[in-house]
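J.: What follows is the residue order along each chain.
There are 2 protein chains.
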Amino acid sequence: MTRQIRLNALDMMCMGATPGIWRHPRDRSRGYNTLEYWTDLARTLERGLFDSIFIADIYGVYDVFSGNADSAFTHAVEFPVCDPMLTVPAMAMVTEHLGFGVTSTLTYEPVYSFARRAATLDHLTNGRFAWNIVTGYLESAARGFGLTEQLSHDQRYDFGDEYLQVLYKLWEGSWEDDAIINDKQAGVFADAGKIHRIEHHGKYLDMEGYQLCEPSPQRTPVLFQAGASGRGRQFAATHAECVFTAGLTPAATARTVQDLRARAVEQGRAGHDLIIYNALALVCGETDAEAQAKLEDYREHVDIEGSLTLFAGYTGIDFAGLDLDHPLRYFESNAIRSFVEGFTVADPDREWTLREIAKFLGVGGFAPIAVGSPATLADIMAHWMAETDIDGFNLLYSVTPDDFEDVVNLVVPELQRRGLYRHEYAPGTLRAKLTGAGRNHLPASHPAACYRR
Amino acid sequence: MTRQIRLNALDMMCMGATPGIWRHPRDRSRGYNTLEYWTDLARTLERGLFDSIFIADIYGVYDVFSGNADSAFTHAVEFPVCDPMLTVPAMAMVTEHLGFGVTSTLTYEPVYSFARRAATLDHLTNGRFAWNIVTGYLESAARGFGLTEQLSHDQRYDFGDEYLQVLYKLWEGSWEDDAIINDKQAGVFADAGKIHRIEHHGKYLDMEGYQLCEPSPQRTPVLFQAGASGRGRQFAATHAECVFTAGLTPAATARTVQDLRARAVEQGRAGHDLIIYNALALVCGETDAEAQAKLEDYREHVDIEGSLTLFAGYTGIDFAGLDLDHPLRYFESNAIRSFVEGFTVADPDREWTLREIAKFLGVGGFAPIAVGSPATLADIMAHWMAETDIDGFNLLYSVTPDDFEDVVNLVVPELQRRGLYRHEYAPGTLRAKLTGAGRNHLPASHPAACYRR
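Residue numbers (the working numbering), protein chains in the order written: chain A, 1 to 453; chain E, 1 to 453.
Honestly, the hints are just simulated from the structure, not real lab data. One or more hints might be untrue.
A pair counts as met if it fits within one copy or between any two copies, since identical chains are not told apart.
Mimicking BS3-like on lysine-lysine, the simulated pairs with C-alpha atoms at most 30 Å apart in a straight line are [as the list claims (entries may be wrong)]:
| hint | residue 1 | residue 2 |
| --- | --- | --- |
| 1 | LYS203 | LYS359 |
| 2 | LYS294 | LYS184 |
| 3 | LYS359 | LYS294 |
| 4 | LYS184 | LYS203 |
| 5 | LYS294 | LYS203 |
| 6 | LYS294 | LYS194 |
| 7 | LYS184 | LYS194 |
| 8 | LYS359 | LYS184 |
| 9 | LYS194 | LYS359 |
Computed from a prediction, not measured in an experiment: that's the story for all the values here.
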């Protein structure tokens, strides 16, 4: 049987996914700070049988371009940005199946309060909560939290390993499954002998306490991860259940997927314990020509300076004042080289300039773009599935919510006709939907399992 | 004109307000971790034109009784407890006017992420968010956050003053009112010159950063405070807009209210800038006799050991193994003496025993109880209003949601008939509803105002 395609939607609680698109006449991202925006979107995605909505997040501001944050403010580059956790209870009110994957930066959230917050969301959603684990990378965020400097890249992942250990102890180890008695007659709510104080005395974290929430339907929320570096992949292969990759071609993606699954096996897990979604920006029209026209329209709305502000933040290079038509390969920077290599794979004979990169980034960000009629898009998606061993796609939008509505109204039915997409949700928690009926908790092969009693 | 009565409802995201009442056949508090419980309650309170729901919170567990937390677990004493912030977006979905006052313990939430979280809730509720400022007092909570010891009581308030300074800078000072341009044609979202990085280099906090959210309808959420000590009152008189007192008699409450208003004046504010709600547990029946029978029924469900677990946590005294019929005045403890004095005022000739205290605590906690028909309750409330200079009541329940439904269905109409209660909500944000049309932001007399540009 052909593997069915899984879909996830990426969004962020700010003015549009990519710089400039907020100016598009149909774009509704100005409503990012309203309940209506998020509940409407959640209803649309559930109609399209999406696995989940993944809300990215960032603390801090993009202040590398020109050495300040002015261009980020002027062009609304992932700024302002609200706390995405708080959209979840409202979205849960209007849906029954959709999963909610929310980014929370572990460097900046005390582990004890985060353990309770995430468990509360898993309770309120009846087991549909997922956490996208992020370690944080902006210096400006570190300053907001009063840190004089960030941990190094690899230290942040070491810290992350320890942070997760504490969470596993709290979520999996603090309460036994049958701790709750709830006997009104006897006046006994819980068996105190089955609620355990956990301790952790590590390099980065030192604490003692009980998990304050009773076990939620999934205990540990579904774990998302999107790290791309070697250390990031190792972290994902160890902890993550859903991994978000951003390969620009099927061949590059296939290599990443193979590497991730091999690393999972090294960790004692099955390669396919990882559900891998590759980023994909879909631009859909009734016909290929209509879709192409739509892409051109979107590109017209790209904000070059806004794009470069984002790219400067990613790479640490201040592009302000540089010749926009300068070929990128002349930059002597490892950070930028890794980006350029990605593009080179996609189009090896092309000399990318700063302007071209900015335009490219402006539609879909650092993701491959698929443009065409529903039939063309289904062909492209099927091709990716066949070539890469991914499980599905993390869909990026330009104009919201139109682009998601196109997917739901046009692309999903086409995939269903081809037998490539389900016709209804599986029952149960998000984890059960993703991994099989009744599987509400992490499997025994996951490192969290050793903290159970 | 007679001053109208304001009502606020107190609840907590746990198994009932007072130990044991979860066993009552009509009690629905087992649903504390579901959206339905909170949205049903919010609808009821809005039907009753309540100002707001105030959700108390606690980190940590009550582990003084017997030197461990067993009795807290057995009797569900404010445990398990979820994160109350996350109920707000769902309650906001089903209401238009009700305010949401949520406790957040400043010792345990990094100020930079809290600033964003609270602002996000103010956005999502269209300006109906309030924050109940708590400094935290349980040692077990401190250990959960990896602290070897808590700050002293007064130091916690000093820390609180500084924490609020940082919040005021972020909420009031980081964005000017006209910073957002939102000009799609010009491609300018914000005027970067009107978004300011704030800095704070203090004794307890040291940080730099921009407020990540654009200004929310109220900017600073409405500030709740309930501290009872001298230092706590000073803190309330400086910062709070709504103050929650717990006087057991009108005379004692009147003295507290007078003191609070005088302290506000010393701070350069008006005495009536403080909206003061005194705690009150209402037990309502169609007749006085029915109400009395209801109170007896509630008292039957009081869990003595659970009550003493709570009382031990408050006072730091382990009551386990003591004679329950021992008069309380023999305890040589300042902590307990202040409690006993409260009771003594209420009933000077009575010798309270541990058992009686536990029974008393078990219905309504440390609050006066009013029992009777709607007419009797209205008489009592009117008497309190006349004798104390309070603005209204913070209503405690026993059986949820029945007790709140009684208030809404029986007491509110009686108060309305007497001209003591409004017939509709004022328009606008919570602050505008509380302090006057159009007054969305803190007044110039509030210490936050000096951080505005």
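J.: Where does the structure disagree with the numbered hints, that is, which hint numbers, in rising order?
T.: 1, 4, 5 and 6
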